[in-house]
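Spelled out, the chains give:
2 protein chains.
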Amino acid sequence: MHSFSDRERGLGKVISFVPTMGFLHEGHLSLMRIGKERGDTLVISIFVNPSQFGPGEDFEAYPRDLDKDLELIKHIGADAVFSPERDELYDERFQTYVQLEKLPDHLCGITRPVHFRGVATVVSKLFNIVKPHISLFGEKDFQQVAVIRQMVKDLNFDIAIISAPTIREDDGLAMSSRNTYLTSEQRHSAISLYRSLQKAQELVNRGQKEAKTIVEAATELINSYPDTDIDYISICDPETLDAVNTVNGPTLMALAVNVGKAHLIDNMILTT
Amino acid sequence: MHSFSDRERGLGKVISFVPTMGFLHEGHLSLMRIGKERGDTLVISIFVNPSQFGPGEDFEAYPRDLDKDLELIKHIGADAVFSPERDELYDERFQTYVQLEKLPDHLCGITRPVHFRGVATVVSKLFNIVKPHISLFGEKDFQQVAVIRQMVKDLNFDIAIISAPTIREDDGLAMSSRNTYLTSEQRHSAISLYRSLQKAQELVNRGQKEAKTIVEAATELINSYPDTDIDYISICDPETLDAVNTVNGPTLMALAVNVGKAHLIDNMILTT
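Order-wise, the sequence lines are chains A and B. In this text, residue positions in the first sequence follow my numbering: the first is 17, and each later residue adds one. In this text, residue positions in the second sequence follow my numbering: the first is 17, and each later residue adds one.
Note that these hints are calculated values from the structure, not bench results. Keep in mind that a hint or two might mislead.
No copy is singled out in the list; a pair is fine if it fits within one copy or between any two copies.
With a Cα cut of at most 35 Å, we get these calculated DSBU-like pairs of lysine-lysine [as the list claims (entries may be wrong)]:
id	residue 1	residue 2
1	K169	K118
2	K215	K277
3	K169	K225
4	K277	K84
5	K228	K118
6	K277	K228
7	K228	K52
8	K228	K84
9	K228	K29
10	K52	K169
11	K225	K29
12	K52	K29
Can you make the complete structure from the sequences, with help from the hints?
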């Protein structure tokens with residue numbers, strides 16, 4: 017991978033890079049299309065990263081289908097796919113982690129305390145391996161994008177981070193590899209995440225600015241669906257992710273809900 | 017710096033890099049000379065890195081003399097000197113650290129718990145800024161070299177790490193910017209570090225293999241000099257830095273001694 021990237025860079029090509037955990041869906045493919053537009057050489061990585069899963073999380077169960085992924089990538093037309101084995105990225109003496117001190121203390125980082133350390137570490141590794149000029153991330157994982165932007169700034173990576181909007185199913189459910197865990201009944205309950213975000217924006221449109229009231233309405237809506245277990249619903253500053261009491265100007269609403277065994281997340285920028 | 021390095025790389029030049037905290041001595045200059053031999057473009061950084069100093073350590077007191085440093089570098093003939101301000105590398109929202117889990121739990125990391133986190137972080141930053149092919153480090157800072165080699169491997173930096181032997185004064189004292197803290201009496205006591213290493217090798221030559229006995233002899237020797245306060249004396253595995261009981265094959269002896277207000281370190285590979 018180092019040789020490939022050195023050669024492309026030596027030819028003056030702009031390398032765009034989409035890191036993924038595979039089991040690709042339209043969200044990933046949209047990032048790849050943007051990557052192709054913005055760069056000359058498109059590199060995709062497929063790697064289910066063990067260090068971002070905590071004990072008891074779904075590392076083993078996480079869906080994998082490399083053949084289908086490669087087929088989808090072939091239609092997009094990538095220049096390289098980097099799909100290492102676990103031991104190639106984490107040998108038995110591995111001991112170096114990239115850790116942020118503030119952004120992970122919010123949202124998903126609270127119930128998933130090692131998650132963003134794992135994300136920052138593997139993305140650092142992949143950046144050093146792929147040497148891209150541009151890297152693309154989906155906004156469904158809002159906190160992940162925030163962590164990566166901060167890491168790139170703090171560690172002085174010479175890489176432009178581009179984020180792209182969440183791609184949704186026809187009924188509004190955010191696309192996610194984890195949607196495959198849902199039974200057909202749970203699939204119906206999963207729509208409650210997006211519905212609660214829509215509901216929140218409606219309340220804001222009608223003049224409601226109290227975060228507490230908006231969160232209560234969202235909680236009630238989600239709890240009215242079977243098999244839902246709210247992890248968090250947060251209304252917060254989109255840069256620091258610190259909770260806010262009132263919605264004044266663009267404000268992030270982010271939530272995570274366990275629907276059956278699927279930990280689903282979604283978010284929206286509420287605008288006044 | 018990014019533009020400079022991109023240009024040099026685009027021209028096919030091999031960039032060699034010597035990161036320093038300035039107040040240069042013959043140890044630094046020896047690394048620069050090796051860097052010139054091994055690469056086409058020599059980059060030096062000068063930055064007293066706040067994140068590797070703990071509370072109560074000598075960040076403020078650390079000696080600085082940029083004009084003299086630039087004069088010395090001019091004689092060597094470097095292609096670029098990178099000397100950022102503190103705020104350029106650490107702004108008020110900085111929060112990302114590179115941390116190793118095992119190697120810092122030894123030697124200097126015990127009394128300096130944030131030191132190697134700071135070293136790994138700033139070296140990662142400088143690697144991303146300077147984009148070298150090769151980087152050079154002095155073996156006086158044995159644990160630092162071990163930390164950087166491990167970090168480069170774990171985070172997949174495409175950079176060759178070259179270490180070079182400690183440069184010593186005529187009487188054997190390892191060169192260090194911190195030697196400037198020593199009064200003339202303390203300067204005499206400072207030689208006890210190297211003397212204790214020589215003594216250890218003599219004991220090994222005479223058949224002594226017990227780490228405990230060797231450390232006792234070194235302790236006695238150092239304590240016989242005024243104004244010395246031993247931080248640690250360790251006989252350990254040169255790769256893991258784990259303490260060993262007996263000297264079998266190449267074994268690291270490393271020590272740190274406070275002489276007056278100077279925290280001095282030295283080391284030697286004991287051979288049987």
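Results for each hint:
Both within a single protomer and between protomers do K169 and K118 lie at most 35 Å apart by alpha-carbon distance, with minima of 14 Å and 27 Å respectively. In this homomeric assembly, K215 and K277 come within 35 Å of each other (Cα to Cα) only inside a single copy, at 25 Å, whereas the closest approach across copies is 64 Å. In the homo-oligomer, the alpha carbons of K169 and K225 lie at most 35 Å apart inside one protomer (33 Å), although the nearest pairing across protomers, at 50 Å, exceeds that limit. Taking the shortest alpha-carbon separations for K277 and K84, only the intra-copy value of 24 Å comes in at or below 35 Å, while the best inter-copy value is 64 Å.
In this assembly of identical chains, the alpha carbons of K228 and K118 lie at most 35 Å apart only when taken from the same copy (23 Å versus 44 Å across copies). With identical chains, the CA atoms of K277 and K228 are at most 35 Å apart within one copy only, with a shortest distance of 28 Å there and 56 Å across copies. In this homomeric assembly, K228 and K52 never come within 35 Å of each other (Cα to Cα): the closest approach is 42 Å inside a single copy and 63 Å across copies. Proximity of K228 to K84 under the C-alpha cut-off of 35 Å is found in neither arrangement, the shortest distances being 44 Å within a copy and 61 Å between copies.
Proximity of K228 to K29 under the C-alpha cut-off of 35 Å is found in neither arrangement, the shortest distances being 50 Å within a copy and 59 Å between copies. With identical chains, the CA atoms of K52 and K169 are at most 35 Å apart both within one copy (24 Å) and between copies (30 Å). Within a single copy, K225 and K29 get their C-alpha atoms no closer than 48 Å, and across copies no closer than 58 Å, so neither meets the 35 Å cut-off. Taking the closest pair of Cα atoms, K52 and K29 come within 35 Å of each other both inside a single copy (12 Å) and across two copies (29 Å).
Hint compliance for this structure: hints 7, 8, 9 and 11 are broken, all remaining hints hold.
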